[in-house]
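J.: The lines below spell out each chain.
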Amino acid sequence: MSTAEATPASPALPGWVMPMAKTVGVLALVAAAITLLVQSGAMPRGSLAYKILAGPFVDMRDFPDLLVQTLWEGTVGGILYALIALGFVLIFKASGVFNFAQGIMVVFSALTLVGSYEIMTQRLGLPPGTVVALLALAIALAVMFLLAVVVERVVLRPLVNQHEIIMLMATVGLTYFLIGFGEYVFGGSPKVMITAQLGLPTGQSSFNILGGRVNVQHLDVAAAVIATIMIIALAVFFQKTRIGRALRAVADSHKAALSVGISLNQIWVIVWFTAGVVALVTGIMWGARSDVSFALETVALKALPVLILGGFTSVPGAIVGGLIIGIGEKLGEFYWGPLLGGGIETWLAYIITLGFLLFRPQGLFGEKIIERI
Amino acid sequence: MSEALLSVDNISLRFGGVKAISDVSFDICKGEIRAIIGPNGAGKTSMLNCINGFYHPQEGAITFKGIRRKKVRPHEAASGGIARTFQNVALFKGMTTLDNIMVGRTLKMKSGFFWQLLRHGPAMREEITHRRKVEEIIDFLEIEAIRKMPVGKLPYGLQKRVELGRALAMEPELLLLDEPMAGMNLEEKEDMCRFIIDVNKHFGTTIALIEHDMGVVMDLSDRVVVLEYGRKIADGTPDVVKADQKVIDAYLGVAH
Numbered sequence: 357m358s359t360a361e362a363t364p365a366s367p368a369l370p371g372w373v374m375p376m377a378k379t380v381g382v383l384a385l386v387a388a389a390i391t392l393l394v395q396s397g398a399m400p401r402g403s404l405a406y407k408i409l410a411g412p413f414v415d416m417r418d419f420p421d422l423l424v425q426t427l428w429e430g431t432v433g434g435i436l437y438a439l440i441a442l443g444f445v446l447i448f449k450a451s452g453v454f455n456f457a458q459g460i461m462v463v464f465s466a467l468t469l470v471g472s473y474e475i476m477t478q479r480l481g482l483p484p485g486t487v488v489a490l491l492a493l494a495i496a497l498a499v500m501f502l503l504a505v506v507v508e509r510v511v512l513r514p515l516v517n518q519h520e521i522i523m524l525m526a527t528v529g530l531t532y533f534l535i536g537f538g539e540y541v542f543g544g545s546p547k548v549m550i551t552a553q554l555g556l557p558t559g560q561s562s563f564n565i566l567g568g569r570v571n572v573q574h575l576d577v578a579a580a581v582i583a584t585i586m587i588i589a590l591a592v593f594f595q596k597t598r599i600g601r602a603l604r605a606v607a608d609s610h611k612a613a614l615s616v617g618i619s620l621n622q623i624w625v626i627v628w629f630t631a632g633v634v635a636l637v638t639g640i641m642w643g644a645r646s647d648v649s650f651a652l653e654t655v656a657l658k659a660l661p662v663l664i665l666g667g668f669t670s671v672p673g674a675i676v677g678g679l680i681i682g683i684g685e686k687l688g689e690f691y692w693g694p695l696l697g698g699g700i701e702t703w704l705a706y707i708i709t710l711g712f713l714l715f716r717p718q719g720l721f722g723e724k725i726i727e728r729i
Numbered sequence: 013m014s015e016a017l018l019s020v021d022n023i024s025l026r027f028g029g030v031k032a033i034s035d036v037s038f039d040i041c042k043g044e045i046r047a048i049i050g051p052n053g054a055g056k057t058s059m060l061n062c063i064n065g066f067y068h069p070q071e072g073a074i075t076f077k078g079i080r081r082k083k084v085r086p087h088e089a090a091s092g093g094i095a096r097t098f099q100n101v102a103l104f105k106g107m108t109t110l111d112n113i114m115v116g117r118t119l120k121m122k123s124g125f126f127w128q129l130l131r132h133g134p135a136m137r138e139e140i141t142h143r144r145k146v147e148e149i150i151d152f153l154e155i156e157a158i159r160k161m162p163v164g165k166l167p168y169g170l171q172k173r174v175e176l177g178r179a180l181a182m183e184p185e186l187l188l189l190d191e192p193m194a195g196m197n198l199e200e201k202e203d204m205c206r207f208i209i210d211v212n213k214h215f216g217t218t219i220a221l222i223e224h225d226m227g228v229v230m231d232l233s234d235r236v237v238v239l240e241y242g243r244k245i246a247d248g249t250p251d252v253v254k255a256d257q258k259v260i261d262a263y264l265g266v267a268h
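Line order of the protein sequences matches chains A and B.
The opening residue of the first sequence carries number 357 in our numbering; numbering runs sequentially from there.
The opening residue of the second sequence carries number 13 in our numbering; numbering runs sequentially from there.
The shape of chain B in the complex, shown without the other chains:
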């Protein structure tokens, strides 16, 4: 595997007396699909929140693209090239699919406040270029039919797909997916898997994902890191992790 795109070094995160993450280190290599798994409450989502700046770990540091940072704010992480989706879909419910994905282009659009007010000249040209990009994403995700629908009215599976579209619109280097297949039926899951693989293979986007469906995780990912009670208990290829006694105990429970 090539060099690390992001590495997490000895991170600890506390909420008052509750330790959400204690002393976890792992890395995400360029171009891989990295899964983060673990039982409920293991600190998986907290980990993603640390990586994209929603939470600031008390100890440890995160190195992204060779830059070591102690504290980063979400919009800085986004402009650095980290996009994400959320466990319980966070879309702009009142806006259409198209507008939601266009919002994902915000950082790529540069024309000034003045031109925006006039909606003319550079602002208009920019609008057209980015609209073209967004249409490509819509084609890619096969959501042409719902282009103009307010996303709040869409079924859950499609909302998840729009959310992925919005993240893709940022053309991220690292894509964080928090349970992209939760609550989906088999068909929707297969579609989503296909999209994730396509994004990874065609655009070369590095992906870190949290998922509970073990079949999906083992099929999709290059490497897996396993968390339990905020600690890392295993790290390696799916085969290695599957055979690890600690992982089996964590998932199946152990007789005391």
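Looking at chain A on its own, in the form it has when it is part of the complex:
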């Protein structure tokens, strides 16, 4: 009898269960230790250690409504980060290009939408309203398609098979071109997103739960719903259709894809256009929460920690990474930010990512690279 038969077969657990269980265990131990320190009086209230290690959690327990509010805002932010990252993953998977310009495409598409609406209503004298807003939406889509065609023709095709760093530099160049071009055509001043005109809800509702009030912006709900639908649709499109399969084929092997009759040029246009549409949707949602200007750029760059966290080739990774960053930085800002004078939201994402990388260098969902020698 072989050893394999001798030992009772244990049900195979997915690979992530054990590390996850370990992490939870360690966290529980740390929590218990802190509680003990506080209870025993070794960590007096008002000490710095208490403020960092215990205070925020006490606040969370005592005011659960604020915690819910913070979590909700973090989730919405996280979903939008996930959308930016998703546009990036699409391009990286299909053409192996690290598209630095994805964040700027978000701003550029939103600017095109608002800018063309402004031009139509103010200079051409069309009546403001839903019809013109939808027309502007169509124009923005057309511009993103045009951008995809131009990028394929002018950037990707001449540089095909060049080293990755060269492609990256090309997209850095594209970033600055889009900033300059956008400002030249639509001006540099911040614009207000045409939220209501596009038929998106603008009000807010309050709920009395857990002994307090939680405010929910209707727009945020719409953003979450639209983003979720979009992510699911893209996943199905990628897995189950001819064009989706062709996209994955190109991502896997250019040579083999060519040999079965897939045109790389056509696929690249489709991918960049899809990424452009994702960018436009993100731009509308994000623009509606603040306003539309190239200052959004710093937000768009948050996609990088999200990607590093999630792994560059994984769509679920982009989503989970986005949520971790979004929720993490909101919690950090609200509960720990005051200790540092606030404003830690701008850099916390990068610190969170660094922390994760110490334990999983390949990202949460990235493929572990094992070289066969």
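Just so you know, these hints were derived from the structure itself, not from any lab.
C-beta: ideal position from N, C-alpha, C; glycine also.
Mixed in with the good hints, there may be bad ones.
[Unchecked claim] Looking from chain A toward chain B, a few residues come up when the C-beta cut is under 7 angstroms (computed):
hint, residue
1, THR379
2, ARG598
3, ALA602
4, ARG604
5, ALA605
6, ASP608
7, SER609
8, LYS611
9, ALA612
10, LEU614
11, GLY617
12, ILE618
13, ARG716
With the hints as your guide, set chain B onto chain A.
T.: Below, chain B alone, put in the same frame as chain A:
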């Protein structure tokens, strides 16, 4: 033998100062199995690359189905009916066997981007018809068991078989096989030979193959063309080629 499906006329291919192919002509007749052999570096794979459009020869032309062409792009060659496999297996490693072969149907599927997005109506009907075709190919190649496995995890011999399946899914008129049996054991080689003969006899597909195993080449092929240092040194039936002094010298070396 019937008329030529493809003919190569006075092709020369250079990479800078290196002449990969110089002034080679031969033809492939409809329905035959044509072998291209020669020592390493003779220009065999370069020749296949010219035929399916990966390389563009500087001189000469290729006539396929009566159309003479100077320069063709790989996806145009594919839509013209030329399929191929690669020397060092080029599969979509992250995808399943089924998806890999489905990708081979890409050119046969016509439904538009819009329906694809909805995954409904014509797109869905098309998906079902082509899936049926793909299942036939899977049965034919006896790879039912690995249908849903990611091909990157399969042993080499099976990967080669999946690659053949993907090429067959294109229903090509001309099938180019670059060392279909390299690195296989005897049993796998026999299977592969059987598949090649079946494809040729049952589907009437014209096949051009590169192979180093002389036993296999002489058994399988109707005619053989021999290359050495980018030049053609012999062309004819296996028996003629086997007896050719230049071929013997090329393979065994010659005393100077």
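J.: State for each hint whether it applies.
T.: Hints and how they fare:
no.: 1; hint: THR379; in the structure: violated (28 angstroms)
no.: 2; hint: ARG598; in the structure: holds (5 angstroms)
no.: 3; hint: ALA602; in the structure: holds (5 angstroms)
no.: 4; hint: ARG604; in the structure: holds (6 angstroms)
no.: 5; hint: ALA605; in the structure: holds (5 angstroms)
no.: 6; hint: ASP608; in the structure: holds (4 angstroms)
no.: 7; hint: SER609; in the structure: holds (5 angstroms)
no.: 8; hint: LYS611; in the structure: holds (5 angstroms)
no.: 9; hint: ALA612; in the structure: holds (4 angstroms)
no.: 10; hint: LEU614; in the structure: holds (4 angstroms)
no.: 11; hint: GLY617; in the structure: holds (3 angstroms)
no.: 12; hint: ILE618; in the structure: holds (6 angstroms)
no.: 13; hint: ARG716; in the structure: violated (20 angstroms)
Violated hints, in rising order: 1 and 13; the structure is consistent with all others.
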